[in-house]
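Going down the list, the protein sequences come from chains A and B.
Under this note's numbering, residues 19 to 451 are what the first sequence spells out, in order.
Under this note's numbering, residues 7 to 292 are what the second sequence spells out, in order.
Calculated directly from the structure, the hints in this document are not laboratory data.
Simulated pairs of lysine-lysine, DSS-like, Cα-Cα distance not exceeding 30 Å:
#	chain 1	residue 1	chain 2	residue 2
1	B	281	A	449
2	B	281	A	318
3	B	124	A	416
4	B	124	A	295
5	A	32	A	313
6	B	124	A	449
7	A	339	A	270
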Amino acid sequence: MENKEEQKTTDIEKELEQIVREREALRVKLSRNYYRDEVIKAREMGKKVVYFPAAGMPELAYAFEDCVPVMPSDNYSIHTCVRHQHRKYLELAEADGMSPDICSYDRLGMGLMLAGEGAFGPLPPPDVIVGFGNLCETHSKYWEIVSDYYGNIPYFYFDLYTHQQDERLPDYAIEYMRSQVRRALNFIAEHTGKKLDWDRFKEVMKIATQTITDYWENVIELRTVSPSPWSTMQCQNDLFFLVCYSGRPEGKQYLDLVAKEVKFRVDHKIGVNPNEKFRLLYTDLPPWFWMGLLKLFHEKGGTLAFELYPSIAWLGVLFDKYNNLSPIYELDPDKPDEALALRLTAMLRSMRHVMDQLVVSTEKYHLDGAVFFSNRTCLVDTRAIGLRQRLYRERTGKPTMCFQGEHCDERTFSESQTLAKIDAFFEALDKRK
Amino acid sequence: MKRGNEIYFAGLDIGSTMTKAVILDEGEEIVNYVLGPTGPEHRRLANMVMEEVLNKPGLLIDNVAYIVATGYGRINVPFADAQVTEITCHARGIIKLFPEVSTIIDIGGQDCKGIRVKDGKVANFVMNDKCAAGTGRFLEIIAETLGIKVSEMGDLSLNAKEKVRISNICTVFAVQEIMAYSAEGIPHENIVAGLHEGLATRICNMARRIGITKEVVITGGGGKNKGLVREIDDHLEIETLQSFEPLISGALGASLLAKEMAHKQLEKGKSLPLKERSLKEVRLFG
Numbered sequence: 019m020e021n022k023e024e025q026k027t028t029d030i031e032k033e034l035e036q037i038v039r040e041r042e043a044l045r046v047k048l049s050r051n052y053y054r055d056e057v058i059k060a061r062e063m064g065k066k067v068v069y070f071p072a073a074g075m076p077e078l079a080y081a082f083e084d085c086v087p088v089m090p091s092d093n094y095s096i097h098t099c100v101r102h103q104h105r106k107y108l109e110l111a112e113a114d115g116m117s118p119d120i121c122s123y124d125r126l127g128m129g130l131m132l133a134g135e136g137a138f139g140p141l142p143p144p145d146v147i148v149g150f151g152n153l154c155e156t157h158s159k160y161w162e163i164v165s166d167y168y169g170n171i172p173y174f175y176f177d178l179y180t181h182q183q184d185e186r187l188p189d190y191a192i193e194y195m196r197s198q199v200r201r202a203l204n205f206i207a208e209h210t211g212k213k214l215d216w217d218r219f220k221e222v223m224k225i226a227t228q229t230i231t232d233y234w235e236n237v238i239e240l241r242t243v244s245p246s247p248w249s250t251m252q253c254q255n256d257l258f259f260l261v262c263y264s265g266r267p268e269g270k271q272y273l274d275l276v277a278k279e280v281k282f283r284v285d286h287k288i289g290v291n292p293n294e295k296f297r298l299l300y301t302d303l304p305p306w307f308w309m310g311l312l313k314l315f316h317e318k319g320g321t322l323a324f325e326l327y328p329s330i331a332w333l334g335v336l337f338d339k340y341n342n343l344s345p346i347y348e349l350d351p352d353k354p355d356e357a358l359a360l361r362l363t364a365m366l367r368s369m370r371h372v373m374d375q376l377v378v379s380t381e382k383y384h385l386d387g388a389v390f391f392s393n394r395t396c397l398v399d400t401r402a403i404g405l406r407q408r409l410y411r412e413r414t415g416k417p418t419m420c421f422q423g424e425h426c427d428e429r430t431f432s433e434s435q436t437l438a439k440i441d442a443f444f445e446a447l448d449k450r451k
Numbered sequence: 007m008k009r010g011n012e013i014y015f016a017g018l019d020i021g022s023t024m025t026k027a028v029i030l031d032e033g034e035e036i037v038n039y040v041l042g043p044t045g046p047e048h049r050r051l052a053n054m055v056m057e058e059v060l061n062k063p064g065l066l067i068d069n070v071a072y073i074v075a076t077g078y079g080r081i082n083v084p085f086a087d088a089q090v091t092e093i094t095c096h097a098r099g100i101i102k103l104f105p106e107v108s109t110i111i112d113i114g115g116q117d118c119k120g121i122r123v124k125d126g127k128v129a130n131f132v133m134n135d136k137c138a139a140g141t142g143r144f145l146e147i148i149a150e151t152l153g154i155k156v157s158e159m160g161d162l163s164l165n166a167k168e169k170v171r172i173s174n175i176c177t178v179f180a181v182q183e184i185m186a187y188s189a190e191g192i193p194h195e196n197i198v199a200g201l202h203e204g205l206a207t208r209i210c211n212m213a214r215r216i217g218i219t220k221e222v223v224i225t226g227g228g229g230k231n232k233g234l235v236r237e238i239d240d241h242l243e244i245e246t247l248q249s250f251e252p253l254i255s256g257a258l259g260a261s262l263l264a265k266e267m268a269h270k271q272l273e274k275g276k277s278l279p280l281k282e283r284s285l286k287e288v289r290l291f292g
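Starting from the given sequences, assemble the full structure and let the hints guide the process.
Written as structure tokens, this is what we have:
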């Protein structure tokens with residue numbers, strides 16, 4: 019009897035290993051293909067290059083044949099930083115006069131541009147730039163600088179209603195946003211010489227919407243169970259596919275494999291963290307230069323079981339829909355321009371709304387506390403960090419901790435202080451159990 | 007473990023500047039405590055401090071049932087049974103001394119913390135970020151610049167007729183400002199008083215993030231500086247409390263936790279100490 023049980027466990031473990039292997043193989047392949055084969059070689063393959071912030075609208079480039087979306091500041095900065103190649107480029111940007119108080123994504127992006135280098139090689143210069151201030155208003159200036167640096171590259175600033183949206187947007191606002199999407203598409207068409215194919219755009223948006231809906235239903239919704247079948251770190255890996263592969267079948271293919279693994283883990287009660295004692299909310303970007311910090315929470319028994327990125331910030335429109343938080347928007351595949359605009363608008367709502375989202379998450383995902391990151395040069399996120407923590411504690415009764423630093427620059431990060439804070443946080447969590 | 011019927015517990019707090027040790031008896035009375043400067047060799051220092059604290063009451067390491075290490079050097083105490091952060095230990099120590107405490111402000115050598123206490127537990131805490139400008143190290147650097155001892159700064163500032171305004175929060179630039187004031191012939195007491203005012207503002211602003219409510223206890227080396235304490239009191243408009251020796255709060259808390267942990271082990275049927283201890287075997291550099 020015992021042998022049969024052991025055999026069954028071994029079979030399950032083997033099956034999971036196979037699922038993980040299959041998913042990992044595709045992850046590595048697609049990650050490499052995107053930068054090495056598509057982005058870096060775009061020009062030599064005769065393709066047009068459209069620069070975007072990594073705020074999730076590559077569909078505007080994928081709507082055209084032979085157009086490649088490139089996210090030089092945030093996404094390529096991350097790839098450089100996680101490989102610990104970033105320091106040289108930060109210093110290069112600072113030597114060029116950029117203040118160390120400016121966002122380290124932008125500093126790193128600038129350094130990479132000045133050096134003409136990067137984790138996978140030099141990025142191709144842009145043919146068109148589409149800037150966007152949804153996640154960070156100061157980014158609009160960054161794109162102007164990039165445009166000037168490469169010689170007055172055509173730059174379209176994508177304007178959306180981004181704040182104070184606790185109520186449903188009026189029809190005229192939605193119509194204005196739809197027009198912004200259409201204008202951006204026409205701008206890309208004009209400056210790349212590529213023909214806009216509306217049916218292609220519609221198909222791209224259909225895939226994009228289906229991908230995030232399936233990901234939400236089959237991954238995010240399943241994370242309510244203990245042990246947690248998918249963690250913040252894994253979701254942040256998935257973010258690459260939500261950002262760079264949105265609207266492409268390959269992205270959906272990968273995220274479907276994630277869903278398969280999550281379902282298997284739920285069915286067999288196999289968590290991603292064998293030490294799970296607490297379930298925690300993570301509310302910011304990770305410190306990309308030291309991803310081991312997030313692993314440390316797991317080692318100490320605190321699974322990062324839910325997070326702001328991507329589950330609230332990137333997938334906000336779905337978070338609200340599936341948690342019945344007003345205003346709720348449906349993404350209509352027959353109105354691709356509207357679907358894209360509404361998805362982008364719901365990315366990062368008013369602070370009040372984000373607080374509601376954090377509180378709802380804490381209850382739904384059975385979280386024991388929250389980890390905040392006072393990200394020194396992120397003027398958007400860090401501005402109200404004290405208030406956000408206080409409101410969170412008042413509304414949930416759960417403890418919080420906050421460490422300081424910067425997402426892509428370890429020079430303002432104190433390891434010993436951060437480790438002391440984490441230990442003290444776990445001591446407080448232990449006392450509550 | 008026992009000397010006659012007596013049982014002892016130890017707390018060792020290896021801070022960035024000072025190392026502190028406390029021996030506690032079963033009745034939670036402090037049998038002895040010692041303070042010493044922290045050097046680069048934590049392990050050796052831990053041994054020396056431990057030997058010293060045991061020496062006066064005539065105890066041996068084997069007489070100590072359980073040892074808890076705290077402070078940023080806590081992982082470098084090989085003979086400790088457990089490591090607990092200074093946040094939890096400070097709270098535990100201060101709650102013992104001031105059961106009515108609600109807010110603890112710990113001004114240490116290289117960091118500064120605010121700890122909110124509720125129902126005898128840490129409810130919240132905040133710590134300075136990677137900057138020495140609100141810490142004891144800041145005072146040490148300024149004392150060096152002025153050619154005075156840190157221990158003199160508190161009394162000196164109480165004689166100030168007026169206070170200069172130190173506008174810079176960066177230690178390096180503050181030194182420049184102070185050198186300029188000194189060159190102008192401004193008395194040291196006025197400079198130090200201004201410095202304490204700036205430091206108090208910075209510390210209180212940090213602690214406000216967790217909410218400051220009475221009773222407030224100042225602990226750590228900063229708690230020994232009368233001038234700084236007065237500025238904090240003025241800033242908060244309350245009278246803060248200090249223990250007879252603010253430096254030992256963390257080590258005291260560690261020793262109290264050592265007692266709790268020892269009793270848990272005994273309840274589980276384990277015999278103490280849990281492991282063979284020798285102060286000699288860990289003398290890596292001596």
